[in-house]
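There are 2 protein chains.
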Amino acid sequence: MKKLIEKVLTSEIIFPGRFLKIWRDEVELPNGFRSFREYVKHPGAAMVIPETNDGKYILIYQYRHAVGQVFLEFPAGKTDPGETTHQTAARELQEEVGWSPGNLEFLTHIHPVIGYSNEKIDLFYASNLKKAPINKDPDEVLEIVELSLDELQTKLWNHEITDVKTQIGIFWLLKKMKKI
Amino acid sequence: MKKLIEKVLTSEIIFPGRFLKIWRDEVELPNGFRSFREYVKHPGAAMVIPETNDGKYILIYQYRHAVGQVFLEFPAGKTDPGETTHQTAARELQEEVGWSPGNLEFLTHIHPVIGYSNEKIDLFYASNLKKAPINKDPDEVLEIVELSLDELQTKLWNHEITDVKTQIGIFWLLKKMKKI
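Heads up: the sequence lines are chains A and B, in that order. Offset between the first sequence (1-based) and our numbering: plus 2. Offset between the second sequence (1-based) and our numbering: plus 2.
Keep in mind that the hints were calculated from the coordinates and are not lab data. Given the structure is predicted, the values throughout are model-derived calculations rather than measurements. Don't take every hint at face value.
Because identical chains share one entry, a pair is satisfied inside a single copy or across any pair of copies.
Unchecked claim - Each computed EDC-like pair below joins lysine to aspartate or glutamate, with the alpha-carbon atoms no more than 16 Å apart:
id, residue 1, residue 2
1, 9, 141
2, 5, 145
3, 157, 30
4, 122, 27
5, 4, 145
6, 138, 82
7, 133, 148
For reference, chain A alone in the conformation it holds in the complex:
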């Protein structure tokens, strides 16, 4: 696949937003053609599938302003500087829904925006949960729900779970539970 790789000619930050940093690189393609690529540099993120001690799954409803819609999602968040994604997953689980994981397993990693962001999300499964204090960011308003695996599957096939990380999390959970 080496023959597909582009060569970077120049690379600069063209927009240093409060939340989004945009870079523009000039690249030379394997066919000699030159083009520009604009993209977001992202610190990476972690998502966690928390299984309660009675076999349900904890998700949140959250309004996402970029899309203008409420989404059903597993807890997730950006990695802080110096943090592993394992630590991010445990931290978000506590901050957003108030649980500490006795067991935290890596499932897979995904790239949600390969056209214009280097974002990578590591997906984890958490069990043996213990209560811990919730500590949300003040700009996060969310509603916590517990759903069974059957309920999650029904919502997925009914097109009610369109957030990619959450949908992929359910498939990997089905695989882990030997349902697919």
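Following the hints, position chain B against chain A.
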């Protein structure tokens, strides 16, 4: 879920890039807290799962500069002004891999970047393919491959298909083929 919705106070374009347009809105949360949301406005996109007449699936290997890696993907692209996603899917199928669909079915839609983009991708399944001229953009260099559903599943569970639209496409294809 109405109680989760944020109220828009101001909305402005803060970065008009060549490819990426960034908006910043000031919002008031249901708890009265005010915050800023920065996000990409995206025209929407379509992805197509092309099934060959001998039951294989057509994918492409493409270098994605934002991530710095070659990805295995189903053909996809942004919607042109005035186009339906059904038309986008048929156009990308021809432009990128050289086939015209006798049958094109909508499967589902996904939101890949709910934190910072309004992007929505409609996923389609195409069959009864007829040869048509390839017409790639000059800044697209790609390699076309044909894989069986078993090969796709193996690569997926081996963490080799991390592009979210392609991974989700395989799950919906498995569902369509009554394998899950």
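The hints, checked one at a time:
Taking the shortest Cα distances, residue 9 and residue 141 sit within 16 Å of each other only across copies (13 Å), while inside one copy they are farther apart (40 Å). In the homo-oligomer, the alpha carbons of residue 5 and residue 145 lie at most 16 Å apart only across protomers (10 Å), although the nearest pairing inside one protomer, at 48 Å, exceeds that limit. When the C-alpha separation of residue 157 and residue 30 is checked against a cutoff of 16 Å, the pair qualifies neither within a copy, at 44 Å, nor between copies, at 30 Å. Neither within a single protomer nor between protomers do residue 122 and residue 27 lie at most 16 Å apart by alpha-carbon distance, with minima of 20 Å and 25 Å respectively.
Taking the shortest alpha-carbon separations for residue 4 and residue 145, only the inter-copy value of 11 Å comes in at or below 16 Å, while the best intra-copy value is 46 Å. Within a single copy, residue 138 and residue 82 get their C-alpha atoms as close as 15 Å, which meets the 16 Å cut-off; across copies the closest is 40 Å, which misses it. Taking identical chains as interchangeable, the C-alpha atoms of residue 133 and residue 148 lie at most 16 Å apart only when both belong to the same chain, with a minimum of 15 Å there against 49 Å between chains.
Against the hints set out earlier in the document, violations occur for numbers 3 and 4.
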